[in-house]
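Got chain A sorted already, so can you dock chain E onto it with the hints?
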Amino acid sequence: MKILVTDDSRVMRQIVIRTLRQAGYDDHDIIQAADGKEAFDMVAAEKPDLVLSDWNMPEMTGIECLEALRASGSQVPFGFVTSEGSPEMRDKAANAGALFLIAKPFTEDTFRDALDGVLS
Amino acid sequence: MTLSHAQPITELLDVETVQSIADEVWPSLVGDGEAFVPVPVAPPAEVVSAWVTISGPWNGAVVLTCAPATAAALTENVLMTRPPTVVDDEDVADALGELANVLGGNIKSVLPGPSALGLPQIGTAPPTGRLDDVRRLTGQWRGQSLTISVQGVTVAPHTERNEVPQQ
Chain A
1 MKILVTDDSR VMRQIVIRTL RQAGYDDHDI IQAADGKEAF DMVAAEKPDL
51 VLSDWNMPEM TGIECLEALR ASGSQVPFGF VTSEGSPEMR DKAANAGALF
101 LIAKPFTEDT FRDALDGVLS
Chain E
1 MTLSHAQPIT ELLDVETVQS IADEVWPSLV GDGEAFVPVP VAPPAEVVSA
51 WVTISGPWNG AVVLTCAPAT AAALTENVLM TRPPTVVDDE DVADALGELA
101 NVLGGNIKSV LPGPSALGLP QIGTAPPTGR LDDVRRLTGQ WRGQSLTISV
151 QGVTVAPHTE RNEVPQQ
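These protein sequence lines map, in sequence, to chains A and E.
All residue numbers for the first sequence refer to this note's numbering, where the first residue is 1 and numbers rise by one.
All residue numbers for the second sequence refer to this note's numbering, where the first residue is 1 and numbers rise by one.
Next up, chain E with everything else stripped away, as it sits in the complex:
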């Protein structure tokens, strides 16, 4: 039988794969000995997100979410800044966007292709789609909450409009 709709991310990607990608990204970009620890802590009241889209057999986004202060601290690490140098909003958007970009590029490589990666965006995370089309890894870095969400889009892309509607 041929599936007439895209497989949800939960059938394509397990949380261990997301963790293994984070295990490579953190020491390389954030610094030696740094880690995304998969132990959830209380979510922050205010959050900022950076994400890249993936367009192909699976359509969605890879979203990194944390508190603004955590984003600034990550940026300081990525840029190896030392006081009195401070990072500005542009640096934070750039650094958080690159973390999402590298996570997204590696996640894209384990999903069915061919697919295309969008440029990094930052702001309020896009809404999640179907409940079974979200693979989320919650954890912490230096005690601060972080979430990596691999989530389907809410609206079917244009190219799928001619497919047989699903119940």
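Okay, chain A solo, but in the shape it has when bound:
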């Protein structure tokens, strides 16, 4: 399976990828995008099986990317990995069609809890 990791921080993309591997998802293809716009374009071009996205990003935010994907007809599974996990943001994410919201800081267990149903 192919996972698209989207974050404007290269450091955070590396941490997410490392945590995916530590959580046992080390046999998946991982591709990266640096903002929501790039992620939107890569969903069409690369057809990932899952998008993991930050919320706050320049150019296009994660929630704007998700809304644009759904408006374009894409039903790619989408989850947030973000430093903000307020109930309002979780509601907004769910209403837009996100499967989960992982709040930073996270552990490999947090990833397993969120991803097991999606990637197994």
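Calculated directly from the structure, the hints in this document are not laboratory data.
A hint or two may mislead.
Label-pair restraints from in silico Cβ distances [claimed, not checked]:
#	chain 1	residue 1	chain 2	residue 2	range
1	A	R70	E	E46	45 to 51 angstroms
2	E	E90	A	R21	20 to 26 angstroms
3	A	Q75	E	P43	49 to 55 angstroms
4	A	Q75	E	E46	49 to 55 angstroms
5	A	E59	E	T154	27 to 33 angstroms
Here are a few chain E residues that face chain A, going by a calculated C-beta distance under 8 angstroms [what the hints assert, rightly or not]:
#	residue
6	E24
7	D94
8	V102
9	G105
10	P114
No experiment lies behind these values; they were computed from the predicted model shown.
Yeah, the Cβ is synthetic: ideal placement off N, Cα and C, and Gly gets one too.
Relative to chain A, chain E alone:
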């Protein structure tokens, strides 16, 4: 009575909450067994800061400050680099900014909302505002000084200009 000015951060956030957030952030981002120890040490002569702004009922910034060498060491830990790999300035800005971002996101979540978090910035810390609008946690990581400052802005944001002036 309705307050016509925003509550200062000292009425909204205690230092224990800041410490508990740091207690979660350090092992997750900096590495297993790593900790922000709330025991101050001598402040460094030269410092660098990373911060994110919070805009909402409370307006200010969450600022992480340390010596440049400490920032580089934190980055090496965050990225798990090993010699001879060295981190560059871009890595340090990114890693310190992400630490501030995650601290800021978690602090935002315990403040009154709705509010918005800005993107991470790095450089010389923004000036602090009112003396009672600063919540500061000083401590150390591996013996090196670190400060987390949750501080109000010095100038009232545009949206508050029509409020009744305070004495």
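Now the hints, each set against the structure:
1. A:R70 to E:E46: 45 to 51 angstroms: holds, 49 angstroms
2. E:E90 to A:R21: 20 to 26 angstroms: holds, 24 angstroms
3. A:Q75 to E:P43: 49 to 55 angstroms: holds, 53 angstroms
4. A:Q75 to E:E46: 49 to 55 angstroms: holds, 52 angstroms
5. A:E59 to E:T154: 27 to 33 angstroms: holds, 30 angstroms
6. E24: Holds - the Cβ of E24 (chain E) comes within 8 angstroms of chain A, reaching about 5 angstroms at its closest.
7. D94: holds, 4 angstroms
8. V102: holds, 5 angstroms
9. G105: holds, 3 angstroms
10. P114: With a closest approach of 7 angstroms, the P114 (chain E) hint holds.
Hint compliance for this structure: no hint is broken.
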